[in-house]
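There are 4 protein chains.
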Amino acid sequence: MKIVFITTGGTIDKIYFDAKSGYEVGDPQVIDILSEANVIFEYDVHNLFRKDSLDLTDDDRLAIREEVKNEDCDRIIVTHGTDTMVETARALLGCAGKTIVLTGSLAPARFKISDAGLNLGMAIAAVQTLPNGVYITMNGTVFEASNVRKNREANRFERL
Amino acid sequence: MKIVFITTGGTIDKIYFDAKSGYEVGDPQVIDILSEANVIFEYDVHNLFRKDSLDLTDDDRLAIREEVKNEDCDRIIVTHGTDTMVETARALLGCAGKTIVLTGSLAPARFKISDAGLNLGMAIAAVQTLPNGVYITMNGTVFEASNVRKNREANRFERL
Amino acid sequence: MKIVFITTGGTIDKIYFDAKSGYEVGDPQVIDILSEANVIFEYDVHNLFRKDSLDLTDDDRLAIREEVKNEDCDRIIVTHGTDTMVETARALLGCAGKTIVLTGSLAPARFKISDAGLNLGMAIAAVQTLPNGVYITMNGTVFEASNVRKNREANRFERL
Amino acid sequence: MKIVFITTGGTIDKIYFDAKSGYEVGDPQVIDILSEANVIFEYDVHNLFRKDSLDLTDDDRLAIREEVKNEDCDRIIVTHGTDTMVETARALLGCAGKTIVLTGSLAPARFKISDAGLNLGMAIAAVQTLPNGVYITMNGTVFEASNVRKNREANRFERL
Numbered sequence: 001m002k003i004v005f006i007t008t009g010g011t012i013d014k015i016y017f018d019a020k021s022g023y024e025v026g027d028p029q030v031i032d033i034l035s036e037a038n039v040i041f042e043y044d045v046h047n048l049f050r051k052d053s054l055d056l057t058d059d060d061r062l063a064i065r066e067e068v069k070n071e072d073c074d075r076i077i078v079t080h081g082t083d084t085m086v087e088t089a090r091a092l093l094g095c096a097g098k099t100i101v102l103t104g105s106l107a108p109a110r111f112k113i114s115d116a117g118l119n120l121g122m123a124i125a126a127v128q129t130l131p132n133g134v135y136i137t138m139n140g141t142v143f144e145a146s147n148v149r150k151n152r153e154a155n156r157f158e159r160l
Numbered sequence: 001m002k003i004v005f006i007t008t009g010g011t012i013d014k015i016y017f018d019a020k021s022g023y024e025v026g027d028p029q030v031i032d033i034l035s036e037a038n039v040i041f042e043y044d045v046h047n048l049f050r051k052d053s054l055d056l057t058d059d060d061r062l063a064i065r066e067e068v069k070n071e072d073c074d075r076i077i078v079t080h081g082t083d084t085m086v087e088t089a090r091a092l093l094g095c096a097g098k099t100i101v102l103t104g105s106l107a108p109a110r111f112k113i114s115d116a117g118l119n120l121g122m123a124i125a126a127v128q129t130l131p132n133g134v135y136i137t138m139n140g141t142v143f144e145a146s147n148v149r150k151n152r153e154a155n156r157f158e159r160l
Numbered sequence: 001m002k003i004v005f006i007t008t009g010g011t012i013d014k015i016y017f018d019a020k021s022g023y024e025v026g027d028p029q030v031i032d033i034l035s036e037a038n039v040i041f042e043y044d045v046h047n048l049f050r051k052d053s054l055d056l057t058d059d060d061r062l063a064i065r066e067e068v069k070n071e072d073c074d075r076i077i078v079t080h081g082t083d084t085m086v087e088t089a090r091a092l093l094g095c096a097g098k099t100i101v102l103t104g105s106l107a108p109a110r111f112k113i114s115d116a117g118l119n120l121g122m123a124i125a126a127v128q129t130l131p132n133g134v135y136i137t138m139n140g141t142v143f144e145a146s147n148v149r150k151n152r153e154a155n156r157f158e159r160l
Numbered sequence: 001m002k003i004v005f006i007t008t009g010g011t012i013d014k015i016y017f018d019a020k021s022g023y024e025v026g027d028p029q030v031i032d033i034l035s036e037a038n039v040i041f042e043y044d045v046h047n048l049f050r051k052d053s054l055d056l057t058d059d060d061r062l063a064i065r066e067e068v069k070n071e072d073c074d075r076i077i078v079t080h081g082t083d084t085m086v087e088t089a090r091a092l093l094g095c096a097g098k099t100i101v102l103t104g105s106l107a108p109a110r111f112k113i114s115d116a117g118l119n120l121g122m123a124i125a126a127v128q129t130l131p132n133g134v135y136i137t138m139n140g141t142v143f144e145a146s147n148v149r150k151n152r153e154a155n156r157f158e159r160l
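Heads up: the protein sequence lines correspond to chains A, B, C and D, in order.
Sequential numbering from 1 applies to the first sequence in our numbering.
Sequential numbering from 1 applies to the second sequence in our numbering.
Sequential numbering from 1 applies to the third sequence in our numbering.
Sequential numbering from 1 applies to the fourth sequence in our numbering.
No lab work stands behind these hints, which were simulated from the structure alone.
All C-beta atoms, glycine included, are put in the ideal place defined by N, C-alpha and C.
Just to be clear, a hint being listed does not mean it is correct.
[As the list claims (entries may be wrong)] Here are the computed distance ranges between Cβ atoms for each label pair:
{"#": "1", "chain 1": "A", "residue 1": "59", "chain 2": "D", "residue 2": "47", "range": "50 to 56 Å"}
{"#": "2", "chain 1": "D", "residue 1": "15", "chain 2": "B", "residue 2": "63", "range": "28 to 34 Å"}
{"#": "3", "chain 1": "A", "residue 1": "146", "chain 2": "C", "residue 2": "87", "range": "29 to 35 Å"}
{"#": "4", "chain 1": "A", "residue 1": "151", "chain 2": "B", "residue 2": "87", "range": "30 to 36 Å"}
{"#": "5", "chain 1": "C", "residue 1": "46", "chain 2": "B", "residue 2": "151", "range": "54 to 60 Å"}
{"#": "6", "chain 1": "B", "residue 1": "2", "chain 2": "C", "residue 2": "74", "range": "55 to 61 Å"}
[Said to hold, decoys possible] Calculated pairs, DSS-like style, for lysine-lysine (alpha carbon to alpha carbon, straight line, at most 25 Å):
{"#": "7", "chain 1": "B", "residue 1": "112", "chain 2": "C", "residue 2": "112"}
{"#": "8", "chain 1": "D", "residue 1": "112", "chain 2": "D", "residue 2": "98"}
{"#": "9", "chain 1": "D", "residue 1": "69", "chain 2": "D", "residue 2": "2"}
{"#": "10", "chain 1": "D", "residue 1": "112", "chain 2": "D", "residue 2": "51"}
{"#": "11", "chain 1": "C", "residue 1": "69", "chain 2": "C", "residue 2": "112"}
{"#": "12", "chain 1": "D", "residue 1": "112", "chain 2": "C", "residue 2": "112"}
{"#": "13", "chain 1": "D", "residue 1": "112", "chain 2": "A", "residue 2": "112"}
{"#": "14", "chain 1": "D", "residue 1": "51", "chain 2": "B", "residue 2": "112"}
{"#": "15", "chain 1": "A", "residue 1": "69", "chain 2": "A", "residue 2": "51"}
{"#": "16", "chain 1": "A", "residue 1": "112", "chain 2": "C", "residue 2": "112"}
{"#": "17", "chain 1": "A", "residue 1": "51", "chain 2": "A", "residue 2": "112"}
{"#": "18", "chain 1": "C", "residue 1": "112", "chain 2": "A", "residue 2": "51"}
{"#": "19", "chain 1": "B", "residue 1": "51", "chain 2": "B", "residue 2": "69"}
{"#": "20", "chain 1": "B", "residue 1": "51", "chain 2": "D", "residue 2": "112"}
[Claimed, not checked] Sample of chain C residues facing chain D (criterion: CB under 7 Å; computed from the structure):
{"#": "21", "residue": "23"}
{"#": "22", "residue": "39"}
{"#": "23", "residue": "40"}
{"#": "24", "residue": "115"}
{"#": "25", "residue": "124"}
{"#": "26", "residue": "142"}
{"#": "27", "residue": "156"}
In isolation and in its complexed conformation, chain A is listed as follows (with noise of 0.2 Å):
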C-alpha cells in the first residue's frame, strides 16, 4: 500500500516567531509524524503550499486539484488550513479513481497538546478503508466532502 501525502499548510504546520510576535506556517509536520508513528506504508510527501488556508485562492485550488489528478497513487491525504478546508475538498469533487482525505488541526502540531496526531491517523486509516470519494477527518468524525461544515464559533467541524 502506498499513501501520497499533498501538503498545503495551515494551522498544523504553524511555528511560532518570537522576532515577530507571531506565527508563520513552517515545514510540513506530517513528516515528523510518520516518522514518529513506525509507519510501515510507502508514502511520498509532496509540498505543495504553505499557505494560511484563508490565503488560498482559486488558482491554488485548481493547482491542488491537477496535482491530485495527475497522480498515479489512488491514495491521497491531503494537509489544510481548517477555515477553507471543506471548499478545498468541494473543489477536488469528481476525481475519479481516488479516495481523498482532507486534514489538518485547530492546534499547531508543534503544541505538546495537539489534534494533529489524532486527526492524521484517522485520515490515514480512512484513506486505506474507504472507497473512492472525497472526505474529510476532523474532530473525531470522518465527514463526506458534500456533508460537511466549519461552525466557526464552535470551532468544529459538522455534519450539515
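Since the structure of chain A is already known, use the hints to place chains B, C and D on it.
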C-alpha cells in the same frame, strides 16, 4: 454515532515512577487524548484492566470478550499492550454484530514523541468505516485480526 | 523561603486560537510549570497583565513597580514578554531590599519545544542566590538589568 | 563564560523500550535542552556514564571526581540519577577552585511533563552565581551538598 472504549493497560498508559526507577500502568490516556482532539461523537470509557499485556491471562481475555458481547454499542475500541494484542484480537473473533478495533502504542502517550494519538485516531476512523469484524490499527496500518503478527525484533506489527 | 511571581503576559503565556488564526496571551503558565516541577518553596502568583510586551505602557510599568514595592516578600520573579523586558527591568531599578528577576521565553510554554522551563528555572535559582538588585535570565545567562539588550535580529539577549 | 556538563545517566535521560516493556538510559538529553533554549554560553558535554544512579559504584564516583578535578573549567554541572545524587555530591566535596552543581529529574526529559528543563535551568544559573562549592538543584531549591537528602517516600529533596 457512539463509540465505547475498553481500556486494559499497556504501554499507551504507562507512567514513570522515579521512586521505583520504573514504569507502571497509570490512568487511561484515552480520555485526555479524546478531550484534546475535541471529538464530537458520544463515547463511554470502561477501564477493565491496568496491565502490561504480558500479564493478561486467559481469564482476562474471557472477561474482555464478555464485556464486548454485553455491550449495547456496536462500535468498540480496545486499548491494549502491544505484546499480546494479536492474541486478544483473535479471542474476540466471532462476536457478532460488532466492529471491534484494538490499538495501543509503542511509546507511552505521556511522551513528547509518541504514536498513541495517531494509532488511536486510526482506530476511531476504522471503527466508523469498517464492516463488523475485529481489527488492529498499529504502524499506520489497518490489520485484520486473522492476518497480523507483532514482529518483536523489529518492534512493529506486520501482515502474516 | 518564599517567592512571589508577578505575571504580565508575553510569549511564555501565548496560546493559539484557530478560530482567529492567531496567538493571544492565555493563562499564566508559571503555575503549571511550578506544579510539574514539584517545587517545595512557598509561592504566590499575582496576575497583573496579559499583554504582548510591545503593548505595555509607561503606566503599566509604574503599576509593576508599585506592585513590586508594596510586596512584603523580598524575592520576586516577573514573567514578561521579551521585546520590552529590558525596559521594564530598568524601570524596576532602585526598589530597595529586593532581589527581582525578570524572565519569559522565546517560544510559548505550551510548545513541545520551549525555553520556558529552563528560563524559569534560572530565575528561581537566581532569585534565591543573588544579592538585592534587578536581573534578567534568558538564553542560559544571568544578566544585570543595567548590562543587557535584546538583539532582535538574532532573537536573543546579550550583554551591552 | 564556559560551563562543562558531565552526564552520568539517571531518570533525566531515560527512554522507553516497548520491545522490552521497560526503560533504559538513553542519549544525554542536556544537549537537546541547551539547544532548544538557545543558550549563548560556551559549553562542552562529557558523557561519562549511562547508569541508573543506584548502579553507580564507589569506583564510578572516584571517576567522576577525577573528571571534575582534571577539568580546566571552573563551572561544572553533573547530570545524575536522583537516588544517589546526594552521595555523589558529597564525594565531590573538597575539589578546590570549582563551582559544581548536580541536577537531574524525577520524570524523564522525554515526557511532555517533566522537571528536567527547570532543574537544568536552576543548575545553569546556580553555577554562574554561586561561590566555589558543591550544590544540588532539585524541587525548585538550591541545596548545599552538606545539607540535603532525598526523601524517597515523598519523592523529593529536602534540607536535613
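Evaluated hints:
For residue 59 (chain A) and residue 47 (chain D), the Cβ-Cβ distance of about 53 Å falls inside the hinted range of 50 to 56 Å, so the restraint holds. Roughly 33 Å separates the CB atoms of residue 15 (chain D) and residue 63 (chain B), a value that falls within the hinted 28 to 34 Å. Hint check: residue 146 (chain A) to residue 87 (chain C), Cβ distance near 55 Å, so the stated range 29 to 35 Å is violated. Between residue 151 (chain A) and residue 87 (chain B) the Cβ separation comes to about 43 Å, which falls outside the hinted range of 30 to 36 Å.
Between residue 46 (chain C) and residue 151 (chain B) the beta carbon distance is about 56 Å. The supplied range of 54 to 60 Å therefore holds. A hinted range of 55 to 61 Å for the beta carbons of residue 2 (chain B) and residue 74 (chain C) is consistent with their spacing of about 57 Å. For the given pair, residue 112 (chain B) sits about 6 Å from residue 112 (chain C) by alpha-carbon distance, which is consistent with the 25 Å threshold. Note on residue 112 (chain D) and residue 98 (chain D): the hinted pairing is violated, with a Cα-Cα distance of about 34 Å set against a maximum of 25 Å.
Among the hinted pairs, residue 69 (chain D) with residue 2 (chain D) is consistent with the structure: their alpha-carbon atoms are about 16 Å apart, no more than 25 Å. Restraint check for residue 112 (chain D) and residue 51 (chain D): satisfied, since their Cα atoms lie roughly 23 Å apart, inside the 25 Å limit. Simply put, residue 69 (chain C) and residue 112 (chain C) have alpha-carbon atoms about 36 Å apart, too far for the 25 Å limit, and the pair is violated. Of the supplied pair hints, the one linking residue 112 (chain D) and residue 112 (chain C) holds, its CA atoms being roughly 7 Å apart against a limit of 25 Å.
For a cut-off of 25 Å, the pair hint linking residue 112 (chain D) to residue 112 (chain A) stands: about 6 Å separates their Cα positions. Taking the CA atoms of residue 51 (chain D) and residue 112 (chain B), the gap is about 23 Å. The hint holds against a cut of 25 Å. Between residue 69 (chain A) and residue 51 (chain A) the CA atoms are separated by roughly 21 Å; this keeps the pair inside 25 Å, and the hint holds. Annotation: proposed proximity of residue 112 (chain A) to residue 112 (chain C) holds, straight-line Cα distance about 5 Å (limit 25 Å).
Among the hinted pairs, residue 51 (chain A) with residue 112 (chain A) is consistent with the structure: their alpha-carbon atoms are about 23 Å apart, no more than 25 Å. About 23 Å separates the Cα atoms of residue 112 (chain C) and residue 51 (chain A), which keeps this hinted pair within 25 Å; it holds. Distance restraint check for residue 51 (chain B) and residue 69 (chain B): the Cα-Cα separation of roughly 21 Å lies within the 25 Å cut-off, and the hinted pair is therefore satisfied. The suggested pairing of residue 51 (chain B) with residue 112 (chain D) holds, with an alpha-carbon distance near 23 Å, which does not exceed 25 Å.
Proximity of residue 23 (chain C) to chain D is violated relative to the hint, the smallest CB-CB distance being about 19 Å (cut-off 7 Å). Interface restraint check: residue 39 (chain C) against chain D, minimum CB-CB distance 3 Å, threshold 7 Å, status holds. Using the Cβ-Cβ criterion of 7 Å, the hint placing residue 40 (chain C) at the interface with chain D is satisfied: the shortest such distance is roughly 5 Å. At its closest, the beta carbon of residue 115 (chain C) sits 4 Å from a beta carbon of chain D; the interface hint therefore holds under the 7 Å criterion.
Interface hint status for residue 124 (chain C): upheld, as the beta-carbon distance to the closest one in chain D is roughly 5 Å, under 7 Å. Interface hint status for residue 142 (chain C): upheld, as the beta-carbon distance to the closest one in chain D is roughly 6 Å, under 7 Å. Interface restraint check for residue 156 (chain C): the shortest CB-CB distance to chain D comes to about 6 Å, inside 7 Å, so the restraint holds.
In terms of the numbered hints stated before, the structure departs from hints 3, 4, 8, 11 and 21, listed from lowest to highest.
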